[in-house]
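Peer 1: Following the hints, complete the assembly by docking chain B onto the known chain A.
Sequence order for the protein chains is A and B.
Be aware that the first sequence starts at 1, since it is given in the working numbering, and climbs by one per residue.
Be aware that the second sequence starts at 1, since it is given in the working numbering, and climbs by one per residue.
Hints are computed from structural coordinates only; laboratory data are not their basis.
One should not assume that every hint holds.
Said to hold, decoys possible - A few chain A residues facing chain B, derived, Cβ under 7 Å: (1) D32; (2) V33; (3) H36; (4) H98; (5) Q102; (6) D148; (7) T159; (8) C162; (9) E167; (10) R188.
What the hints assert, rightly or not - Keeping only pairs whose Cα atoms sit at most 25 Å apart, straight-line, the calculated DSS-like set for lysine-lysine is: (11) K60(B) - K248(B); (12) K142(A) - K213(B); (13) K142(A) - K142(B); (14) K248(A) - K60(A); (15) K329(A) - K307(A); (16) K329(B) - K60(B); (17) K307(B) - K248(B); (18) K307(B) - K329(B); (19) K142(B) - K213(A).
Claimed, not checked - Not close to chain A: a few residues of chain B, all C-beta gaps over 10 Å, as computed: (20) A11; (21) E19; (22) A24; (23) G76; (24) T116; (25) E179; (26) S180; (27) V183; (28) D217; (29) K248; (30) L255; (31) P290; (32) G291; (33) G339.
Ideal Cβ placement from N, Cα and C applies to all residues, glycine included.
There are 2 protein chains.
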Amino acid sequence: MADLNGFEHFAAEWLPRLEAEMQAVLALREPDVAQHYQMMHYHMGWADESFQPGLFDTGKRIRPLMCLMACAAVGGEPATALPAAAAVEILHNFSLIHDDIQDGDRTRRHRPTLWTLWGVPQAINVGDGMFALAYAALLRGKQRGVGDARLLAALERFTTCCAALTEGQHLDMGFETRESVSVAIYLRMIEGKTAALLAASLALGALLGGADKTTEDALYRFGRHIGLVFQIRDDILGIWGDPAVTGKAAGNDILRRKKSLPLLYALEDPRVGPLLHDRMGQAISPTDLPGLLDLLAQTSAQSYAEKQAAHHHQMGMAALAEALGPSAKGAPLELLAMGLLERQA
Amino acid sequence: MADLNGFEHFAAEWLPRLEAEMQAVLALREPDVAQHYQMMHYHMGWADESFQPGLFDTGKRIRPLMCLMACAAVGGEPATALPAAAAVEILHNFSLIHDDIQDGDRTRRHRPTLWTLWGVPQAINVGDGMFALAYAALLRGKQRGVGDARLLAALERFTTCCAALTEGQHLDMGFETRESVSVAIYLRMIEGKTAALLAASLALGALLGGADKTTEDALYRFGRHIGLVFQIRDDILGIWGDPAVTGKAAGNDILRRKKSLPLLYALEDPRVGPLLHDRMGQAISPTDLPGLLDLLAQTSAQSYAEKQAAHHHQMGMAALAEALGPSAKGAPLELLAMGLLERQA
Chain A
1 MADLNGFEHF
11 AAEWLPRLEA
21 EMQAVLALRE
31 PDVAQHYQMM
41 HYHMGWADES
51 FQPGLFDTGK
61 RIRPLMCLMA
71 CAAVGGEPAT
81 ALPAAAAVEI
91 LHNFSLIHDD
101 IQDGDRTRRH
111 RPTLWTLWGV
121 PQAINVGDGM
131 FALAYAALLR
141 GKQRGVGDAR
151 LLAALERFTT
161 CCAALTEGQH
171 LDMGFETRES
181 VSVAIYLRMI
191 EGKTAALLAA
201 SLALGALLGG
211 ADKTTEDALY
221 RFGRHIGLVF
231 QIRDDILGIW
241 GDPAVTGKAA
251 GNDILRRKKS
261 LPLLYALEDP
271 RVGPLLHDRM
281 GQAISPTDLP
291 GLLDLLAQTS
301 AQSYAEKQAA
311 HHHQMGMAAL
321 AEALGPSAKG
331 APLELLAMGL
341 LERQA
Chain B
1 MADLNGFEHF
11 AAEWLPRLEA
21 EMQAVLALRE
31 PDVAQHYQMM
41 HYHMGWADES
51 FQPGLFDTGK
61 RIRPLMCLMA
71 CAAVGGEPAT
81 ALPAAAAVEI
91 LHNFSLIHDD
101 IQDGDRTRRH
111 RPTLWTLWGV
121 PQAINVGDGM
131 FALAYAALLR
141 GKQRGVGDAR
151 LLAALERFTT
161 CCAALTEGQH
171 LDMGFETRES
181 VSVAIYLRMI
191 EGKTAALLAA
201 SLALGALLGG
211 ADKTTEDALY
221 RFGRHIGLVF
231 QIRDDILGIW
241 GDPAVTGKAA
251 GNDILRRKKS
261 LPLLYALEDP
271 RVGPLLHDRM
281 GQAISPTDLP
291 GLLDLLAQTS
301 AQSYAEKQAA
311 HHHQMGMAAL
321 AEALGPSAKG
331 APLELLAMGL
341 LERQA
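Only chain A is shown next, with the shape it has when bound in the complex (with noise of 0.2 Å):
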């Protein structure tokens, strides 16, 4: 795809760079302590279960990538901003450990997980590890010469991210045991458990690459809002994406009982909603699918994601051009951007 280029260009000459600044924060220590940083090398896709060296799937590292983008977008050195992008990519990976434990998800990224491993409370631990690490990560943005006053308003931005994220996932975790979640508290989780990393690693990009703090708040803007197109898409394509396109079920989200944006808004539906509500409380069959599916179609719950999607999209790019100008059209940031929000799988 020709109009990616200036992206894959921009990926192929910094996603090294950018493991090589994680590699250095995650490094190992004293041998007493070895273990504990290998199992975060088998985390980050470095290692095997042995903790020999190779190569797994570590992720799209999209976060990170957004990181330098912005900080190139605002005319700054992306290495500048290495350690911000290794911080919000460590960050995002320790959430994903303690993530598998709260949930009890046995593999990621078709590897066991660190808990089925090594056992919850040393999960636990190496997470915990990463989280003071993604910080150590953030500080070394002093040896890249990014000034005192910056890195201080770098720490403030990533310290209300990494509460916000907890947040979100307080709220997730609780969507399980209540008995009715409202839109407007969905729409709230997904604020903090999507929408403020990739806010905040924007924000960061611009911050060390030097931005002013419209063109920050502009660009954290724009990746709040491309967070919540992001979240409200996958949500879609749970319910009505092209099994052949996403490679799972269709419906697949229903027969999960996923509390997702459509599903939340259609039982909210005064006709339809007690209806689906107690279909949803019995066992649900994938022959059970088709009447449920045409129970939502009674309500407008896709249109209404599908606006709220259009509309988020919509206020995520005049944030962009409001933060760069004429010169966002075709940039990097923008081709990325556009390549999560049209994704069809």
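Peer 2: Positioned in the frame of chain A, the structure of chain B alone reads:
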């Protein structure tokens, strides 16, 4: 005790202000996420299980008091160090939440632990939230007039300490499955688990109080040494403490098979070690205790531990004198340290 007047006066003045500082940092947010913060309040001893405000055992707040006293001792206004004092105490409490999960402990300070009341997933997340808010606490130094460079140095110290805590915890958890634990690794463990945070508390207080680097480092060493003495004395009392004073059974740590310094030292004794190892591998009842204590007495375990404690005590007091000069004598900091070190329970 007339001796302690200086210390008690200081604590009476500053403990309420410390609580107020921490309450400001851990203040309730919007109603949607209130419970996340209410669980923190429960753990801190500010609320009951129904989140009604109350006064519960909060622990002794030793670390933040040390931090504030270090600030005063170097000529600073203790209020300047309140952000650091709050940060170390919130960090300590975060680590207790995760510790309780990791050890499966159902009670702490005579109340049910967080995970027994609200489940492991929420308890992990409450800990993570407090970890983030410990940083938020420290960042409030800006509002107390701490300069940028000094605040960044404090954040570096704090981050190094956070990582060290997880290293200590890693080693401690490993002891349960390790066939043998050397004295060297044990000392490395208490270095991370106990000494690092006490040392950082003192260094941060000095740093925010305006101390020069030499004084700050000397107070760091003071904290490290007294942290080590504190733990080693705890180990000695756990075996040879007077039950009438400690409130625990004689030889309590032997009965619990606790891998503490005297026992590990005795296990390394070429003559007695192998036999002791066999005996510790079998069921232990109180009637076995005299025999086991006799085996310990055939080694120099007790005097070794006493000598280690005395060594670190001496080194700690030397570091304190180095930091404060003649004013160290009788300062609240010395009195608190003496109280900690000379305890019999």
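Peer 1: Decide, hint by hint, whether the structure agrees.
Peer 2: A quick look at each hint next to the structure:
Interface hint status for D32(A): upheld, as the beta-carbon distance to the closest one in chain B is roughly 5 Å, under 7 Å. About 5 Å separates the beta-carbon of V33(A) from the nearest beta-carbon of chain B, less than 7 Å, and the hint is met. Annotation: H36(A) was flagged as interfacial toward chain B, and the flag holds, the nearest CB pair being 4 Å apart, inside 7 Å. Because the smallest distance between the Cβ of H98(A) and any Cβ of chain B comes to about 5 Å, under 7 Å, the interface hint for this residue holds.
At a threshold of 7 Å, the smallest CB-CB gap from Q102(A) to chain B is about 4 Å, leaving the interface hint in force. Contact between D148(A) and chain B, as hinted, is supported at the beta carbon level, the nearest pair being about 4 Å apart and thus within 7 Å. The beta carbon of T159(A) is positioned within 7 Å of a beta carbon in chain B (closest approach about 5 Å), and the interface hint is therefore held. For C162(A), the interface hint holds, the least distance from its beta-carbon to any beta-carbon of chain B being 4 Å, beneath 7 Å.
A distance limit of 7 Å between C-beta atoms decides the matter here; for E167(A) the minimum to chain B is near 5 Å, and the interface restraint holds. The closest approach between the C-beta of R188(A) and any C-beta of chain B is roughly 5 Å, which is under the 7 Å cut-off, so the hint is satisfied. Note on K60(B) and K248(B): the hinted pairing holds, with a Cα-Cα distance of about 20 Å set against a maximum of 25 Å. Distance check on the hinted pair: K142(A) and K213(B) sit about 19 Å apart at the alpha-carbon level, within 25 Å; holds.
Annotation: proposed proximity of K142(A) to K142(B) holds, straight-line Cα distance about 18 Å (limit 25 Å). The hinted pair formed by K248(A) and K60(A) meets the criterion: a straight-line CA distance of about 20 Å does not exceed 25 Å. Restraint check: the Cα-Cα separation between K329(A) and K307(A) comes to about 23 Å, which is no more than 25 Å; the hinted pair holds. A C-alpha spacing of about 23 Å is found between K329(B) and K60(B), which places the hinted pair at or below 25 Å, so the restraint holds.
Proximity of K307(B) to K248(B) is assessed by CA-CA distance (about 24 Å); at most 25 Å being required, the pair is judged to hold. The hinted pair formed by K307(B) and K329(B) meets the criterion: a straight-line CA distance of about 23 Å does not exceed 25 Å. Proximity of K142(B) to K213(A) is assessed by CA-CA distance (about 19 Å); at most 25 Å being required, the pair is judged to hold. The beta carbon of A11(B) is kept farther than 10 Å from every beta carbon of chain A, the shortest such distance being approximately 29 Å.
The non-interface label for E19(B) is consistent with chain A: the shortest C-beta to C-beta separation is roughly 20 Å, beyond 10 Å. Remark: the non-interface label on A24(B) is consistent with the geometry, its nearest Cβ contact in chain A lying 14 Å away (cut-off 10 Å). G76(B), annotated as away from the interface, keeps every beta carbon of chain A farther than 10 Å; the closest lies near 20 Å. Separation of T116(B) from chain A is adequate, the least Cβ-Cβ distance of about 15 Å exceeding the 10 Å criterion.
The Cβ of E179(B) lies farther than 10 Å from every Cβ of chain A, with a closest approach of about 15 Å, so its non-interface assignment holds. No beta-carbon of chain A is positioned within 10 Å of the beta-carbon of S180(B); the least distance is around 14 Å. For V183(B), the non-interface assignment is confirmed: its Cβ lies about 13 Å from the closest Cβ of chain A, beyond the 10 Å cut-off. At roughly 19 Å, the least C-beta separation between D217(B) and chain A is larger than 10 Å, which holds for a residue marked as non-interface.
No beta-carbon of chain A is positioned within 10 Å of the beta-carbon of K248(B); the least distance is around 25 Å. Listed as outside the interface, L255(B) is consistent with that label: its C-beta sits roughly 23 Å from the nearest C-beta of chain A, beyond the 10 Å cut-off. For P290(B), the shortest C-beta to C-beta distance to chain A comes to about 34 Å, beyond the 10 Å cut-off, and the non-interface label holds. Every beta carbon of chain A lies more than 10 Å from that of G291(B), the smallest distance being close to 33 Å; the non-interface claim holds.
Residue-level check passed: G339(B) sits 31 Å from the nearest beta carbon of chain A, beyond 10 Å.
Comparing the model with each earlier hint shows no violations; every hint is respected.
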